[in-house]
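Undergrad: Construct the complete structure from the given sequences, taking the supplied hints into account.
Residues per chain are reported as follows:
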Amino acid sequence: MKRSDFPALGFGVGLRRPHYAEILESRPPIDWFEIISENFMGAGGRPLEVIDGMRAHYPIVMHGVSLSIGSTDPLNRTYLKDLGALARRLEPAWISDHLCWTGVGGRNLHDLLPLPYTEETVMHVARRVREVQELLGRRILIENVSSYLTYADSTLSEWEFVAAVATEADCAILLDINNIHVNAFNHRFDARRYIDAMPPERVVQFHLAGHSDHGAYLLDTHDHPVCEAVWRLYEYAVRRLGAVAALIEWDDHIPAFGELEAAAAEARHRSWRALARRAGALAARSIEPLAPRESKD
Amino acid sequence: MARDLEALQKLLWRLVTAPGGVAEGLADEPELAAGGLGAIITGDERMDPAARVGVYAEAYFYRLLEVLKEDFPATLAVAGADQFHNLVTGYLIDYPPTEPSIFYAGQHFPPYLRTHPIADRVPFIGDLAGLERVVLESFHAADAPALDGAAMRAIAPEAWPAFAMRTHPATRIVACAWRVDEVLRAIEEERAWRAPARTAATIVVWRCAARVYYRAAAPAESAALALADVDSGTNFGAICTAIAERAPAHDDVPGLIQRLLTRWLADGVLSGGNLTDGKIADAAR
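For the record, the sequence lines run as chains A and B. For the first sequence, our numbering assigns the number 1 to the initial residue and increments by one for each residue that follows. For the second sequence, our numbering assigns the number 1001 to the initial residue and increments by one for each residue that follows.
Any given hint could be a false lead.
[Stated by the list, open to error] Covered, in the sense of this in silico footprint (three residues per stretch, anywhere, with C-beta under 8 Å from a C-beta of chain B), are these stretches of chain A:
{"hint": "1", "stretch": "35-44"}
{"hint": "2", "stretch": "47-60"}
{"hint": "3", "stretch": "69-83"}
{"hint": "4", "stretch": "97-109"}
{"hint": "5", "stretch": "112-126"}
{"hint": "6", "stretch": "141-150"}
{"hint": "7", "stretch": "208-221"}
Note that these hints are calculated values from the structure, not bench results. Positions of the beta carbon are idealized from the N, C-alpha and C atoms, including for glycine.
TA: What follows is the structure in C-alpha cells.
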C-alpha cells in the first residue's frame, strides 16, 4: 500500500459534543474532523443530525474504540454491520480503531488493553484485521495504544509488533505520538527508536493529545494541551515519515473550540517547519559530494 | 496460542473487574501462586505488576461510574454521591458491560435498583432510573417523519377512521407506580425535589426537534397511544374508541379527541401511513 491511497487531509480536530452547535453555526476553518464511531451508531436523533450537517461541509474520519481486534472472542458481526452502515452513510476518508483488546468472554471493559508482543499475536490480529477489511470493503488504520503494563511473554518490541501487524494485515497505521511518549516513559524505551521503526508508507495519520503525570507513570487522559515533549516528538515523526494528516484529540475537561483550532494550527506550523528541515537535510545530502573538502593540512 | 491468549485476557478481565481491587482479585487466583502475577506482567521499581493492572482496574470502574452519573443524574441526586458509588459497584458485579457501545452500560440499572435494598428506603428510585433511561433511549431512537397537521388535513374526512397511525420510534409510554416525572423535572430545573406520591401514572416521552420531552398522560391518552404502538400501529377510528372508553364521564369526548390529536401532531408523537392487510406500510418505516 501507499500513503497516497488515502486522501491528504491536513490538520483536523476530534469532534466532541460541547462543540457541535458552534461548528455547525460558524463552520470554522478546520481541514477535517474525526468522530468516535460508536457515538454515531445509534438509530437516529441528534447525533446523526449533527454528523449529517458536518459531513456536508467537512471530510470526516471514523475512529472506533470497540473493535477489540486483539480479543480472542469472535469478531462482533452486529457491531461491524452497524459500523459498515455508518460508513456507507458518511463516506469517511478512512476508518480506524486501536491495536488492542477491549473485552473477552462477551464482557466489555470499555478500555484499550495491550496485547503480548509475539509472532503468534501478530498472526492472530492480522487475520482479524484482514477479515474486518474484507467486511468493510476497505483498508483500515490501526492505532498504537497507550499502556501501563507489558507482558513477560513478549518477544517483540512494541514498535516491531505494530509494524509487523500492519505489514502482515496489509493495513495502515494511525500513529499516536502522545501514546509513544507515554509508553516510552511507562516502559522505558527511546520514543525516537519507535518512530524510526515505522514503515513510512503505512503511516496515514498522527494523533496528538495531552496526558497526566502521575509520578510513577504517565496516564493518557486527553485532558491537557499537547506538551512540548510531544510536539518535539511530532516534529521528529514528520521529519522521519513525511507529511501525514494530524489530529488533535481532547476528551476530558474539553476547552473552548478556539483552543483546539489553535492546537491544529500549531500542528500545521510545526509540520511545515519539520518538513522544511527534512527538505533542507535532503538537499544538503544531495549537494554534499560537491562541497569542498577540508584540507587535512 | 489462542487458548493462552484467551486465558490471559480472562485473567486480566477478572483482575480488572475484581470488586475489592486487584490484590483481592489475585487472592482468588490460586493457580497464580507459583510465579505470581510477576510471571505474566512485567513490573519495575516504580510499579509492581499489580499496580500496573490496578491502573486499568481504576479506569474501568471510574469510567463506568462517570457514564452512569451522566445517564442517571436524577437518580444520583436522590441517592447521593456515596450511595450512588456503592450502587454502581454492586451493579457492575451483577451486570458487567457486554455491548461494544458504552451507551448500553446502564441498560439494566433500573431493574437492578428495583430489587436492591435501597428500594425499601427509596421505593421510587427504580421508576426514576427507568424514566431517565427511557429519556436517553428516546434521544437515540430511530428517525422517522412525524405525522403533522398538514398530512392530516390532506386526508379526506371520510378516510380518517381508517387512517393508520402509530407512535413515532422515539415515543415511549412508561408505566410508573410513582410520579417520578415530578422528581426528574425538579432536579432538571435545579429545584428542591421531594418524594413523589405513590400514584400509578403513565409518562409519555417523545422527541421533537432533537430534544426529548416527557409528561404524565391521563388514562384515555395513554390507552390510545399504547394502542398505536410503534410496531403494530392502529387506525384513527380505534384510537377514538379507546379515548371514548376511558374518557372521564363528564368530558366532551369529541373535544378531548381533538385536543389530544392537536397536541400529538404539534409534538411529533405520531407517525402515520396506510394500513395494508392490517399492517402499516409507509415511508416512515
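Undergrad: All hints, please: hold or fail.
TA: Hints, verified against the model:
Coverage of a stretch by a chain is defined here by at least three residues with a beta carbon nearer than 8 Å to that chain's beta carbons; for the stretch 35-44 of chain A and chain B the count is 5, and the condition holds. Look at the stretch 47-60 of chain A against chain B: 3 of its residues bring a Cβ nearer than 8 Å to a Cβ of that chain, three or more, so the hint holds. Under a criterion of three residues with beta carbons nearer than 8 Å to beta carbons of chain B, the stated coverage of the stretch 69-83 of chain A is upheld, 4 such residues being counted. Using a Cβ-Cβ cut-off of 8 Å, 9 residues of the stretch 97-109 of chain A lie near chain B, which meets the minimum of three, so the contact claim holds.
Counting residues of the stretch 112-126 of chain A whose C-beta lies closer than 8 Å to any C-beta of chain B gives 7; at least three are required, and the coverage claim holds. By the rule of at least three residues with a Cβ nearer than 8 Å to a Cβ of chain B, the coverage given for the stretch 141-150 of chain A holds, with 3 such residues. Check on the stretch 208-221 of chain A: 3 of its residues sit with their Cβ under 8 Å from a Cβ of chain B, so the three-residue criterion for coverage holds.
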